[in-house]
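K.L.:
Residue numbers (numbering that gives the first Met the number 0), protein chains in the order written: chain A, 0 to 397; chain B, 0 to 372.
If you're looking for bench data, these hints aren't it; they were derived computationally from the structure. Warning: the hint list may mix true and false statements.
Claimed, not checked - Partner residues aside, some chain B positions facing chain A, computed with beta carbon under 7 Å: (1) 119; (2) 131; (3) 242; (4) 365.
Each residue gets a CB set at the ideal place from its N, CA and C atoms; glycine is no exception.
If you want the building blocks of each chain, they are given just below.
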Amino acid sequence: MREKTMKHREATRPGNRLSRRQLLQLSGASALGLVAWGSGLAAAASRPGKGVSGEIWFSAQGRDASEYSLSWLTDGKQPVTAASGFRGHGAASDPVNPRRLVMFARRPGWHGLWVDVTDPDRIQTFEAAPGCFMHGHGCFSADGQWVFSTESEIESGVGKVVVRDSQTLAVERVFDSGGIGPHDLALMPNGQHLVVANGGLLTHPDTGRKVLNLDSMRSTLSYLDIESGQMVEELTLPYPKASIRHLDVAPNGTVAVATQLQREAMRHDDLVPLAALHQPGSSRLMELQGPEPLLARFNDYMGSVRINPATGLAGFTSPRGNLAGFWDIHSGELAGYHAFFDVCGLTVSADQQRFVLSNSAGEIRQLDARTLTEHTGLRQRFNGLHWDNHLFTIRLPG
Amino acid sequence: MRDNTATTLYWPGWKQSASIGVLALTLAACGGTRENDEAVLSQGSLDLAIQQLTDATIVAGADRMATEVETLNSHITSFCNAPDAAGLSQLQGQWRTLAAAWQQLLPYNFGPLNDDLVFPPYQYIDSYRPRGRDYTETVRTEIDGWLDSDDTLNTEYFASRTFNRVGLLALEITLFETAADQGTDATAVLGEFSSQSRKCELLAGLGGALALRTDSVRDGWSATYQDTGTSYREQFLSGELDDGSTPLVTLLTSVQSYLDYLQQRDVVSNVAQISASDSFDSWTLMTSAIDSIEGLLAGTSEEQVSLFELMTAGGNSTAVATVQANLQQARDAIDSRDATSFNAAAATLDGNFKRDIPDSLDVSLGINFSDGD
Chain A
0 MREKTMKHRE ATRPGNRLSR RQLLQLSGAS ALGLVAWGSG LAAAASRPGK
50 GVSGEIWFSA QGRDASEYSL SWLTDGKQPV TAASGFRGHG AASDPVNPRR
100 LVMFARRPGW HGLWVDVTDP DRIQTFEAAP GCFMHGHGCF SADGQWVFST
150 ESEIESGVGK VVVRDSQTLA VERVFDSGGI GPHDLALMPN GQHLVVANGG
200 LLTHPDTGRK VLNLDSMRST LSYLDIESGQ MVEELTLPYP KASIRHLDVA
250 PNGTVAVATQ LQREAMRHDD LVPLAALHQP GSSRLMELQG PEPLLARFND
300 YMGSVRINPA TGLAGFTSPR GNLAGFWDIH SGELAGYHAF FDVCGLTVSA
350 DQQRFVLSNS AGEIRQLDAR TLTEHTGLRQ RFNGLHWDNH LFTIRLPG
Chain B
0 MRDNTATTLY WPGWKQSASI GVLALTLAAC GGTRENDEAV LSQGSLDLAI
50 QQLTDATIVA GADRMATEVE TLNSHITSFC NAPDAAGLSQ LQGQWRTLAA
100 AWQQLLPYNF GPLNDDLVFP PYQYIDSYRP RGRDYTETVR TEIDGWLDSD
150 DTLNTEYFAS RTFNRVGLLA LEITLFETAA DQGTDATAVL GEFSSQSRKC
200 ELLAGLGGAL ALRTDSVRDG WSATYQDTGT SYREQFLSGE LDDGSTPLVT
250 LLTSVQSYLD YLQQRDVVSN VAQISASDSF DSWTLMTSAI DSIEGLLAGT
300 SEEQVSLFEL MTAGGNSTAV ATVQANLQQA RDAIDSRDAT SFNAAAATLD
350 GNFKRDIPDS LDVSLGINFS DGD
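Pulled out of the complex, with its shape left as it was, chain B reads as follows (with noise of 0.2 Å):
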């Protein structure tokens, strides 16, 4: 006998440990580009799609979230040194990056992202995630109390914070509006940078901070999982999951999750509301999430064996027509500005991806959590 993960945790006053066994791990053969254009449904085939909408869509999302988060404190680094009014624009143009990126990845917010029942990683990135609360009013104070101290406002300072007080809201509202009234204007804001050095002193440690997250992340995925010394890729397409879960499972309920969040927190009336503009708003952030969906269902490059094939290979057509119709629902709400209506569909898909997608692909995501008493 061994023991496995130990978690065992004394609140309030907290104590927390665990021991993480090492996991013997194989990575499943799956085979690396489709000889044929016929897909069949069949574990092989689910298994290679699995991990191709893996490496394209979620390994590839959280690299380059990582990648948008280097750039954006590469950004600061150069603005902080000599702060200008292009220097501003470029660094809340690259916060509008980040933000879409954020979007794509989120919805597959498992393993690495959150592998902390107590402390999630995904939320130190995105307050409003945990439960649908807007913390700005939050940041906004602590901001005050940041630029009034006199502590030293660097990457350690912000990495020891709580999750409300950092991630992109924090940025956001350092970088869109001024300490002193919450003005947007970007003069405003660019004269506050220039006059007040611990502004940028709290940018970089903020993006110094989250980088810490996004690295983190990205290395779970691609590198070393929680030091087990393989990637958690591998350990996801082996279906080495420790809470028994299967790869698809896990990914079709994260996608679910995401949805059903989307519409039960109106996250399109209550994200990026400081640096909405004229090309960029919260629906720009709808739109990326809504590609990201399509693009782990129907693939993202021809030599991809897309989840929508083999559903169609299954005999259920009629469910991809579905699911298609569904996410233009999804796009013409977002194209009309509607929230009520996007809303909906949101509802509509996260109904699809708790019944037609998992049935289709012939997979059970289990009797007691589907409808337990």
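Isolated chain A, as found in the complex (with noise of 0.2 Å):
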């Protein structure tokens, strides 16, 4: 790998979102694409050296291009932010060396960014594959030898599924998503599949966010061979405007998948569940129902949704609801709720006995995983702060 350590580039820390080109022209860059820079903002943050243990909470955090970075708490202190220059959106732990994570760039996005946490100095960020745009979430695979990303090819705007040697962090390989718009995605444990939630959203760069393809979007969950990049399975929700964006995977294979509804392009305002499951071995997504006034508070909107796997059950929260709800995924029943402003974040402790629940506020909560009861002496709030949508969890060895 190559790769920069350098500190103290106050002059040349972006002020803005840097453009590719800036990014090239700021780094020089490698043959692999790859450029770093010391980021001012980490330099300044309390500083765990090597030999870190612990647990870690982290998320893409900030509110302005002067802010934005990957940041994480060990042992729910010590924040410490590793500058981006861009605005992350989903991000990942390789699994055999937890301590080296990857957060990706909100959509459209152009860069991701490559810590160390035991020597958060050594930053690196990479590129979006040649002629793509990135939509934020990507993964490992089992060994932690291959990242996974999901982006788009600019101008047909087919959906791909980016492999990326996990040290040179250089493109090895692209396969199609099996749809438009990929956003989440996940290995599946037998460590051969992905799950992907092709949003089906048509956007392209030069409009920003806009959704092009409103009429005809089609959302689906594909299964696809990391080898080959076949898709092996297909699944679609039987409501065309509901988007389904985020997922999280069980040890048992059961995918549990949260969806954006597209209202606009709806000529009725019939409530639509938001959340389903798909259980080993079934050929559809079962949706999961709850009472009318509390799927409403969701506003069509989830924003990100995580399985305990001790509990069995799946939290999914939403920002525009300032609500987070609880299913079980065996049976698919409400199981209970919390209230929370501006909640997107959402992760399970190491020990499995918490949902943890972030906010724009830089606001952490914690709840029993069992009972769903918050544990209020646990509140933190970290002024300053602002978690983006998605938190997640490492434990390193001491």
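With the hints as a guide, dock the two chains, each given alone in a separate frame, to form the complex.
P.N.:
Next up, the structure:
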């Protein structure tokens, strides 16, 4: 891997989101397209050095270009930020070396960020695959050798899964995602298949986040073979304007999906279930139901989903409803809910005893993973931090 | 460590448990009156403005709503003792007054009005609000059944009915049309009340059940909220909101949600249809709503520090002018009875509450809320 450790580059620290060209100019592009720069923000933060251990929660963070970073808390303390210069979205950790994190730019995104939490001054950025832009999510292969990310071909709009060498971050392969607008993806427990949420929404960087195909959108949940890139299974929901956007996978292969309804393209106001499960062996997605007033509170929008393997509960968050809802993944029954302002980040504690929620006000809340009772004594607020949509957990051995 | 409000729920076959921790509350010292006329955009002035608008618009609105229901029930008692045309006219007039009071309170659909995610109180007052569904036929069918049944039609009976059987719509149908053939001629309606004592029982029961809701909302705002020993007003103004939101964000998103509802559900074309007359219709209700929202922004008295003043003090007089123009556009649409223009104005105002107003007051509604992915 080619990388640089560049500290104290205040003069070149980006004040706004950088274009690909600016990035290359700043760093001097390598043959692999890898670029890196130090961060005044990162350098100014508290710095756990080598040997850091414990439970780490990490998330894209920041309200504007001067704040955008990948940030993490170790054992709920010591916020560390690694400035990115771009707004991140999803992130992933190497399952073999969990200290190695990758963050992906929010759509339409051009960069990813690589960081080692034990040495946060060493950060790297990498670019979207040639002719592509990123959708914001990615994951590692089971052996940690490959990084998969959801991207789209700029001109055709065809959804892609881009495979990078996790050491060099060089693009090794690209295959179709099975649809338009791939967003979240995850590795299945068999280590051979990826499950991809193809949101169905066609966008083009020239028009930002504007959806260009609301009338014809088709959202799918696609299973892809990571070796051949071939689709092995595809599922859809009965609601054509429900964009499958986020997902999580239980150890038994149950997949929980969260959707975002494109209400402006619909001709009715009827409530549509926003969450669904795909259980192993089933040929259909099971919609998760609940009382109408509660479902209405999600405001047609679920932003994040996480399964707690220990309790069999899946949590879904809605910043537009200021609400998190929880369903049993075995029975499909609603288990509870929790109101929390602008909540979107959602993860499971390393011991799987708590759901951890974050919001854009820099707040963290923790719920008992079985009773869904909040441990209010564990409430935290990190002034100046603004957690973005997704929160993740790793545990580093001592 | 202590446990907070637990809401664990099993569906179907509900078992809902909620334990509510006692909140330690302090009322923010905001000052009583403005000491000079020069508003400055600061946290202190914003707190004062929120306190004043809360008292002048929301607490007063909840109080008015409860008072109007009390008046309605008083009229029901008088009317049912001796049904006559004057009594019916008075009752119908009071229902219209009540409906207008409701539209003045509904933009502030949080706190006591909306404190249960599954059974929110507001929907028992206005069944149209949750999803814009017209339950008129449902209520008509239910009324036929109630009139034919042996059930005791009292407050307790209707307090336990589902939300889409009770509230303003059920009262409107009972008061303004005959159960027999949905005729709206006052003489025929009066005749039915005179000939069927159960219709008066029905009316009294519906009125009593509505009073339970509106009294609870008023008490929640002014006296004690959910057995905490303090009012929601105090909790709201001190920023002790359990979902972690701030008072101004809660307020702005609530009004924004109401404006979204007005246009998405085409409210002006769907509510108060049976009670419409030469001097009252759904446009009357929209005037009440716009009055309330304008009062929220501009203040209702000269003593108030208004949000408009603070926006101006923050250097955002252009945004104030924009919002004022959009309020006027809504009023023009009301004057011309133009639903399309009114809904467009509501959508524009919705955008103002999402962007212009919070930006001008330097308030963030939340990055995930506003532009999540």
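K.L.:
Would you mind marking each hint as holding or not holding in the structure?
P.N.:
Consistency of the hints with the structure:
no. : hint : result
1   : 119  : holds (6 Å)
2   : 131  : holds (5 Å)
3   : 242  : holds (4 Å)
4   : 365  : holds (3 Å)
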